Amino acid sequence: MSTQVAVVLSVLLFPGGLFALTLGLALKGMDRRVAARLQGRVGPPLTQPFIDLVKLAFKRTMVPTTACEPVFLGAPLVGVVSMLTAAALVPISGLYTPEPVLGNLLVVLYLLVVPGVVLMVAGSSSSSPYGAIGFSREMVLMLAYEGPIVLVAAAVALRVGMAEGHIATFSLAEIVAYQRTHGMFLLDPVMWPAVGAFCLFFPANLGIVPFDIPEAETEVLEGPVLEYSGPALGLFKVMSALKAVVVLGLGIALFAPLDLTGAPAFLGWLAEIVVLMVLGVTAVRLSAGRMRIDQAFSFFFKWPLLLSAASVAAIALA
Amino acid sequence: MFPLEIHLDHFIGEMAVFAMTTLDPMSLAWMGAVFLLFGEIAALLSIAHPVRVLIVSTVAELGYVLIGLGVGGAAGETGAFMHIGFQLAMRGLVVFAGWMLILRVGSTRLEDLAGSGRRMPVTATLFGFGMFSVMGLSPFKGTYSKFLILYAAIEQGHWAIAAVGTVASIVAAVYYMVLIQRICFEAPARRIALRPVPKGLMAITSVLAVAAAAMSLFPAPLQTLAETLAGVVGGAGVPHFESPWSPLVLVPYIGGFALYALGRFSPRARDAGAVVLALSTFALVFASPDLDPTSRLFALVFAGIICVMVIYSIGYMAKVEWGNRYYFFTFLMTGSMLGLTTAREFGDFYVFWELMTWTSYFLVIHEQTRKALNAGLIYFLMCASGAYVMHFGILMAHAEVGSFAFSAIAQNVDAIAPGIGLAIMACLFVGFAVKAGLVPFHAWLPIAHPQAPSSASGPLSSILTKAGMLGIVKILFGVFGLGALTRFAVAGVDLRTVLLGLGCVTLLYGEIQALRQRELKRMLAYSTLAQVGEIAAILGLGTALATDAALLHVTNHALMKTLLFYAAGAFILRTGLRYIDDLAGLGRVMPFTAGVYALASVAIMGLPPFSGFISKFLMIYAAAMAGSYLVAGILLAGSVIGVVYYTRVISTLFFKPYTGQTSVGQAAVREAPASMLVAMGVLAALIVVGGIAPQFQLALVAPVGDAIAARSGLAPAVLPDLIMAWPASAALTMIGAIAVLFVGRFSVPWSGRLAVAVPVAAIVAVLAQSGRYDLLSLSFALLIAGVGALNMLHATSYLAHNHAQPRFYAVFLVMIAGLLGMTAAPDLFNFFAFWELMSAWALWAAIIHEETDEARREGFKYFLFNTVGASFLFLGVTMLAAKAGTFEFAGLKAALASLPVAVILPPIALVLLGLVMKAAMLPARIDYQMHPAAAPTPVSGYISAVLLKSGPWAILKLFVVFGGAGLFVRLGGQIGGEIGGQPAILTVISVIAGITMVYAGAMAVVQNSIKLVLIYSTVCQLGYVLLALSFGTSLGVAAGLMHFVNHMLLKDTLFLVAGAVMVRTHATLLDELGGLGKRMPITFGIFLFAGLSLSGLPPLNGFASKWMIFEAAFSSGHWLLGAAAMISSMFTLAAVLKFAHAAFMGQPTAKALDASEAPAPMLVAMGVLVVASLAVGLMPGLLLVPIAAIEAQLGLTPIAATLTGPLPGLDGWSPTILTLLMLVLGLLLVPWLRLGRSAGVVRGPAHLCGVADLSADRERLPAAELFESPNGVIKTLLLPGNPGPGKRI
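Going line by line, the protein sequences match chains Y and U. Take 11 as the starting number for the first sequence in the working numbering and just add one per residue. Take 22 as the starting number for the second sequence in the working numbering and just add one per residue.
By construction, these hints were calculated from the structure, which means they are not laboratory data. Everything numeric in this text was worked out from a predicted model, so none of it was measured. Each hint should be verified, as a subset may be incorrect.
[Stated by the list, open to error] Far from chain U, by Cβ distances over 10 Å, these chain Y residues were calculated: (1) Val-52; (2) Arg-70; (3) Met-149.
[To be verified] The calculated label-pair distances, taken between Cβ atoms and stated as ranges, are: (4) Y:Leu-19 - U:Ala-918: 49 to 57 Å; (5) U:His-1087 - Y:Gln-305: 52 to 60 Å; (6) U:Ala-918 - Y:Ala-173: 54 to 62 Å; (7) Y:Val-52 - U:Ser-1177: 16 to 24 Å; (8) U:Leu-1174 - Y:Val-200: 43 to 51 Å; (9) U:Leu-536 - Y:Ala-326: 38 to 46 Å; (10) Y:Leu-56 - U:Gly-1247: 24 to 32 Å; (11) U:Leu-1298 - Y:Arg-47: 43 to 51 Å.
For each residue, glycine too, the CB sits at the ideal point set by N, CA and C.
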């Protein structure tokens, strides 16, 4: 299989594209089901997100008269594309190594910015004041968590890079390969603060409680997506589902790749994703209340930043 | 008759013998001296009673005779007898003329006699003639009996007596001048009925006048008689003072008398005659074969300026009284000044020196107002006193050497003892310094120059002060020699050092005083002081090169200052207003005059492409060559001050609204008369020629330096090649700028079209001469011209309703010309010259084009900051060339390689400082260093996108010149070591760039002004570029260069969008906008693309270069800076989205309601830029392939690059592949969006929870209310107390 074909397939089918889409929606379904069970409800079937998507596809599209229509409708499309692609950039230990031409950790990090931007542009372009507030909050949150995540990435890059003889490496393949031979970073005390910082980052990045501030239903009526309906709203749901796959997959690649190959590798990876989804997303969102945006902003300037900086300092000074 | 004479001779002889035998001769001399001094003081004290003054002063005059007889000797006795003879005739004239005045007025009191000049012009003139003659001055040769007597005293060692005589002369000058002025020139205070006088009195007076004139003209008979009386045989022992006058003196002199006579019949014939006479004099000077180089240079300047003065005067003096007298004294002054140049001995020199003062005095007081008379009095007294001191020195020199001849003194100078030598030179120096106006001898200058008619103010400032310089160069340097100057030192202080010190003090004093003036001509006079100080300081360096430089500036200052005064004179003539603030907007009604005023101002600020730049450059270079960095620094500091007050006037003339104010009646102000325009035009042309082709002036100046060097046994100067090497592209653009102005007079739209065509043609010119460039510069040059054409196209729409479009297009083109010239520079001189052309006056004029208060204020601040930055660069460049001995890049590289690090580090650090300042790095006072928002938007975009890139470009270009990586390794090895494998000096730049990047990025987020958001973001992005370049690695430089171009394309797009928005809405703040997205959809799309790309969203081109920067940072060990760069890109994102939200989304504001899509030319300009960005995004190789070649030329390992291949770096990704894949995915998903269409699209109001009565304003979330928490943090951290830029938030 030539490289070009591999690249195209990785984006269209696996692990990006269709596979990521299916996995993401399934995880969503699982999330809703588990949450319902924990709350003593029955909950929807696992396939509910798929059903929702089909339902939305045939709903009418609503566009506010004062909205900027091409941007309003185009924004979610861009978000989905970015996440479908990003999913192909995250390696699965022992199973999938992305082609270098697709991009490294830095590209993934910046692709992860795109959904946020899409939400902001969507909220802003909808001309709804709730959308505008959501836009503002999303940007504040992004400014807040960007520092920690950059330092987390730096910690990993420096850790691997220094060990491999070049100062830093952002190659996810290399990062995974290093951990396969030297043990995962989850077990490395130097990296614990960074792991902690990442754990605080991803709820914010995924926009779940306690950091679902931009879309807070009870405050700003889902903010940026308030005005969306029909297929466009469906795209937002897809984007959000895909983003969970990318962020969780990235977390696994950065800190906990399993040293397996073949089918066990795939199953192991799936298990990790599911566990992370349940523990890191479902459990968290059920057990916490929402922060205010100013609290979240100063929170990220305290703990996650300190944690990630601690890891970086420990690595750089070693 | 003979017996009588013998008898008389016998009698006087007997008297003398009697006096000498009965009295100790020295007691007699001392008695005379005391008598003289007290007599003069007594006369001065009785000034209110003219009769008493005359009596006392006549008696005091006997003191001279006593001194002469007392000290004895051939000279003393001859002098004493001659003095009696002179005084008999001249005092007689004074007495009889005065008697007539008193009789006619009927009073002896000065108050009554005052103003007699208007009542009785002839008698008063005769009286004045007599008075001046008694003082030793007249249009003819002065009396020199006094000269002889004092000489005798010095010759025989009686210094003190001579000194007393000199002081007495100074005291006498005071009351003589007061009497002359009050009686002859002052306006009468009241009417007095004149009484008749006996007819015979007039006859006697006339006879005495003729006698006095005859004695002055032909003193030989009287001298022979005196010698006979003194018993001197054949003149032995009596010094020989003068030689016959040269034709250079006689022609204007006799011509002056002829013109006076002619003028009594026909003023028009007189004017024509004056022009002919001036031109003939100039021709005569030009053809004069026997002048030494110094004299020739000064004579040409003197005669040339007089030609211009005469032409100017035709218009200026047309309606002024006393025109005949004006031309008369003008030509007498010319003759005297030329006499200085032809003088070969001190006698002549002194006579002409005095005549020069005397004749120019009449020009100062020409208008005869009280102020003018006062100024004239101070002028005359100071200069005459200086001359008396000089006179004393001359006599001492003769006593030492036994001759007045320059050649004799030059031969014997080594025999003079240091103490006496210093005294002689100090006396001469005082005379020269007073004339030149050096502090502390300057008091007259700022008073006298503005009071003269403007036609004379110019030459007074421009050439009369230069007579002092002539004295210093011709006499001190040429006759005595630099060796003597150094040898004659007391306690280690010699005159050269004094000259240098006084020069620096004068320079700073003049600049600071000029800064404080509100009256135009006074400001110019103080500026003359500063320029004279500059020249003196450089002369004081005492090298051949410094002499060349100073004299070149003498010639340039003569042209520039004359022009400035002449333009000021034209303003005064047409408006009657003398204060700077009153000149607002005159550029509109007097475009030519104001234009040449601006030209001369720019030239005198030392900016190219005018002659002032060349001489300033040479002066700074000479200072650097002499190792006097302090002097160079003071010169540069002075010019920074100069920038302040010169720009103030230009700004008032052109960039303020015209008020129509005049004080000369109701007539509308119009352009000056033709003859004045011709005079000014000639000067302006010479200034331009001097800037573009200085070789003609240098050919005049260079022999002087060589002669001075030869005289003192120094090495001759090696003049650098100071001719700006204009590449075709720059020359074309510059000519285009002039053509645009010209076409603009007929058709504004066509001038705009031409302005767009010129940079397009420049692209062709760059390509045609591609051999002149290295690849880096070639690429930059093409971008300069290309983006220039686009922004100019945009500007034609942006300024469609502006009143002075051609002016804007022209200065914009000059900026482009500067940039183009800079990229093609083959040496440091050209690099710096074009750098100044690019970043100084044209930039300033473009920025303040909108003529608002804010524009003027902010534009000025930026100009000042640029001047300071350029000054560092200036010093660095000249120091480097001085150390290396060449300006050529190739030679420089070779030379620097062999020089020790400690020698080359300071200049390199200065150069880098200048370049880093250009890129607005290190935010100390960001409100100064950032280009101002008030500029017309297309030029803001150009500055941000292109012009500021000259900093990073130059760093790379000079990196190679300085020896590439090798030199920095050497630097790093010796200074501060290496930090993380990078030399310390580069680490400093990295850190500065990193701080700026974060700081400016954060500041961009909190702005509310449309353009400040973009400008802060520019500073931030320049930080990225510089950061990457400073890593010095292959990847870092490639990343920096790629971002260099990406930012150029993207930021320019954003500015052009902002321009389109501003044109369509007339808003300046984001909060005034909203909802434009629906009204300007294409513009919005372009903004969103460029903004998001600049923020670094993959897979766009802006992300590709940022990705490389991050990689380069981490891989070179600067992970902290890398992380900072990553975080800062979030700031950019926040700023871009804030802009997008506030301007384009939501409910429209009142200002946005009627907006429509941007005009076609704007869309074309923006579209081209977007297409370029897209192309780069899809095929990064478009940039990376040339960048790899550039790196190879720079001596770095080139990155691996192909057209569509992956980015360089450890694990480079492929923008081509990623972009295509995402495009495909996007296209696949589009049908999904269409699915719902079958069910229809519903359009309705946005959901507001049922609230239906919110106004559009309430429904909108304004820009200022976005991002509250980070805003608060940023403002608290970066804007404590909200200073400067905070106010506009």
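If I claimed the Cβ atoms of U:Ala-918 and Y:Ala-173 lie 54 to 62 Å apart, would that claim hold in this structure? violated, 40 Å
Hint check for Y:Arg-47 and U:Leu-1298 - Cβ pair distance inside 43 to 51 Å: holds, 47 Å
Holds or violated: is the Cβ of Y:Val-52 farther than 10 Å from all Cβ atoms of chain U? Holds, because the least Cβ-Cβ distance between Y:Val-52 and chain U comes to about 30 Å, which exceeds 10 Å.
For the range 38 to 46 Å, tell me whether the beta carbons of U:Leu-536 and Y:Ala-326 fit it or not. violated, 52 Å
Does the beta carbon distance between U:His-1087 and Y:Gln-305 stay inside 52 to 60 Å, or does it fall outside? violated, 41 Å
Honestly, do U:Leu-1174 and Y:Val-200 meet the 43 to 51 Å range at C-beta? violated, 60 Å
For the range 24 to 32 Å, tell me whether the beta carbons of Y:Leu-56 and U:Gly-1247 fit it or not. This hint holds: roughly 29 Å between Cβ atoms.
Least C-beta distance between Y:Met-149 and chain U, which was stated to exceed 10 Å: Given that some Cβ of chain U is not farther than 10 Å from that of Y:Met-149, nearest at about 5 Å, it is violated.
Cβ distance range 16 to 24 Å for Y:Val-52 and U:Ser-1177, holds or violated: Given a distance of about 57 Å, which is not inside 16 to 24 Å, the answer is violated.
Quick one: are Y:Leu-19 and U:Ala-918 within 49 to 57 Å, going by C-beta? About 56 Å separates the Cβ atoms of Y:Leu-19 and U:Ala-918, which means 49 to 57 Å holds.
Closest CB of chain U to the CB of Y:Arg-70 still more than 10 Å away: Its Cβ does come within 10 Å of chain U, the nearest being 4 Å, so this is violated.
When the structure is compared with the earlier hints, violations turn up for hints 2, 3, 5, 6, 7, 8 and 9 and for no others.
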